[in-house]
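Respectively, the protein sequence lines represent chains W and X. Heads up, the first sequence is in the numbering used here, so the first residue is 1 and it goes up one at a time. Heads up, the second sequence is in the numbering used here, so the first residue is 254 and it goes up one at a time.
One or more of the hints may lead you astray.
Unchecked claim - Per label pair, the in silico range of CB-to-CB distance:
1. GLY655(X) with ASP66(W): 55 to 61 Å
2. ALA893(X) with LEU16(W): 43 to 49 Å
3. ASN27(W) with THR579(X): 45 to 51 Å
4. ILE410(X) with SER59(W): 49 to 55 Å
5. THR17(W) with ARG919(X): 53 to 59 Å
These are computed hints drawn from the structure, not numbers from a lab. Predicted, not measured: the structure shown is a model, and the values here were computed from it. Ideal Cβ positions, reconstructed from N, Cα and C, are used throughout, including at glycine.
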Amino acid sequence: MTLLNAVHITKRFDGLTALKAVDLQVNAGEFAAVIGPNGAGKSTLFNCLTGQITPDEGSIRYQDEDLRGVSSAQRSLLGISRTFQRIQLFGGMTVRDQLVVATRAHKQHGALWNDLLRGGRVTRAEKEQTDSTLDMLGISSIADSPVESLTLGMARLVELGRALVTQPDLLLLDEPSSGLDRRETEHMAGILRLVCSEESVAVALIEHDVQMVGDLAETVWVLDYGQLIAHGPTREVFEDEKVRSAYLGIQLR
Amino acid sequence: MVELVEYAIRGIPTGCVYALLAVGLVLTYKTSGVFNLAYGAQAFASASVFYVVRKDHEWPLWAAAILAIVIVGPAIGLLLERFLFRYLRGSPPMAKLVTSLGLLIAIPEVVRLLLGSDSRKNPPPLWWVGRTDEWLWPQGSAFVLDAGQIATIVSTILVVIGLVFLFARTQIGLKMRAVVESARMAELYGVNSERTSMTAWALSSLLAGLAGVLVAPLFASLNPLDLFTLLVAALAATVFGGLTSIPLTFAGGIALGVLQAVMAGSLPTDSVFATGLRPGLPFIVLFALLMFRPGLRSSGELQDPLAGVDPPPPSPVSQDQPKWLTRGSRAVMILLLVVAGWISISVLDGFWLGLVVSGVCLSVILLSITVTTGLGGMLSLCPAAFAAIGAFATAQLVEATGMTVMVAMMIAGLVSAAVGAALALPVVRLGAVYLALATLAFALMFESILVPLSWVSGGSVPLTVPRPLIGNVDMADDRWFLLFAATCLGLVAWVVVRLREGTTGRFLQALYMSRDAAESIGISATGPRVVAFAISAGIAGFGGGLLASYAGQANYQASFAYLVGLVWVALVVSTGSRSVLAAIISGMVFFLLPAGLNRLFSWPENWLEAHPDASGPVASLLEVVTPSWALPVAFILFGAGAILYARNPEGSLQAQMTALGRFVNRRIDPGGQAPDSGDEPDRNPSADLVGPS
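Construct the entire structure; sequences and hints are all you get.
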């Protein structure tokens, strides 16, 4: 079943055409990767999908609902969640707080009255829920640390955790391994595989680590200069001549 | 039709005034990245110097002009750059805005202290005559320009041509823009960013001085408030130019002047439109432009392309305060407040008790700033307008329906909250600087259009507001009123604390720290902010009713003028925008500090009277000090707090608390890691990361 169907997405910034009629389909529970050189328009495509920017042309359907005019926040409530290439954690909060805010955002009724009548402290149920997510990510030891003290690797895991507690059907990850060392990358890849297979969350990731893409992704979409130059099952795409010259180089056998 | 054209042409000189001020602001913003609210204050400083040397000391025109415009103007700019704005380059726009707000408050008072505070009537024109109307051109024709207008038109045109040339054709113009975008990046290309930035400030301050001297003769007497209000009017032209384009800004200024003149000429003179709309027009245009100008919302604030290599900005909330300190300080705070209340009731005389009660009422209003700015991260510059709405609504409700004052105050709070929500809906989507400007425009629209109407303010005579009567306890006694006001303050403070610790507070903080991320987890970008704005307006309205009830009248000019609101914002933000205690301290300080300084500064006079035979250097030094210093010094201190805001964005109060927490921690556990050592490279990332698996 097609979960997300983006058709002919075009986005221009003044003179620059960042995306030219790009398509992207992600099926439920599928693991997809978007690859391409820097400046190919990958992040712009993600921003169009999550509603941070509005495409000039094209349509995006999610579970048969047209996303035109649907705000970022509403898209998140529909089940699209994401992480960012440049870490975007909420400063001044602990790791647990990041996750608690995300869970509360998804049951947002009567926040104001709850605050006034009951106070808004973290409840035991919320604590258990966040603990299980942090456990799964292997970072329960930093639950009460302020996010300012985290290393990049941990911060990326916290962002992933924050996206996961919203219980998405589609998870968009913008370079989850960028800036991480090998060990951290492997840890991240393991978690992503788990998320996709065990919790049947569809994952679309932007990634430069070709090995990671080859290990994880079932399908690959290749962008170059804002255009989709190839897509299909990972193995086929990696053997495509155009893809090799545009992106992979000749080292890959 | 011919008449209309005639009116339009008459509007051109006014338009040039707007254009000159607006172009100067654009220059400052373009070359320093600071939206300089203190521009009007700088203009006032130069105009004052010009007045003093030209009129009091009768210097020749050229000498006075050189001193006031070419020397004093840039000198102020260089001082500001060297000691303030150089260190704020990477700061968020809000920090820069608050700093310029502090300067706006402090600079005019410094000028008053240095040059004397007597009123300066009929400022001299930048022309070789004593008064603007002594020289007219062309004489006898239908369109007559006076000396001041000709000087303004000529200067404006020269300035616009010069600046367009500067940015389009010269190296230094290019460098200035590069340094604003990223000083570090510009330095990597070999640009001396410090020298460039100083040149930019000197140039824009020179323009501020020129504008001040040129514009001053428009007013019957020289005062900073008129200049600042004119500056806000000129902001419409600035926004029309998108804060960057000098030709567009010029066109916007002229268009605004023409529009105003045409409206003044063609509308009936005795209608509401003429009395309210004419002075209010620039603010309406400003507000409308902020809402509807295409490209403004997406343009956002300047961001350093090298920001990616920076550590994340410090958060406004301090995490490294131990729990015991929070609890302990709260207990101590409540104890202190109770003791202070007891002292106020049993010891203080009528005068000081009155100030304390006013301070408590004001503290309620100031908690509204805690909600918008502290919790919401939005610098709203119209708290006084909402307080005034509450005061007027209370007065009108009591007068019209005869209901008890307490109920009226609560309904007034709801009225104010409704207005706040209506204002918030379009405004909260704007970036920090534009939001501040939009709320400033709202404050001035309210002042120029609604306040004069009799169904709002009761017209020229302030409406009376009675004191509450609970059972047979008559609040006419200040001591009972103090108890009543303190109870109200306690309740409002409780609401604010609940919001801050609750879901609403967290959502607001998430939006403030990263709007994209907050939206990505399903937090609406507008919802929580509109709620915060409405609650804040409601609190301000309730507090305004309370203050009016204590004062016995809803007096706009005395209690709620928009500039007073700016001082409140500066006070709260610099003491600690998220802290309830900071709001209470600010409320007290606002009333007690000027009175206390007055006592202090009258001491030398009294001493000299008691010792009439005293002489020597000490006596002559004491003679200089007069009680009239009290207000300027108090305002300089208020302004100075805001100027230092950028150093402690969490506020001076919180900074002290954090320091105390660290100090005690170190004492208790000298070998252990202080909780603030996050930047020490002694962590092993992968060990933490992989965990116990």
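Right, here's what the structure says about each hint:
Range check, GLY655(X) to ASP66(W): Cβ separation about 56 Å, and the 55 to 61 Å hint holds. Between ALA893(X) and LEU16(W), the C-beta spacing of about 46 Å keeps the proposed range 43 to 49 Å intact. Look at ASN27(W) against THR579(X): about 50 Å separates their beta carbons, and that is inside 45 to 51 Å. The hinted range of 49 to 55 Å is satisfied by ILE410(X) and SER59(W), whose Cβ atoms lie roughly 51 Å apart.
A C-beta distance of roughly 58 Å is found between THR17(W) and ARG919(X), which places it inside the suggested range of 53 to 59 Å.
The structure agrees with every numbered hint stated previously.
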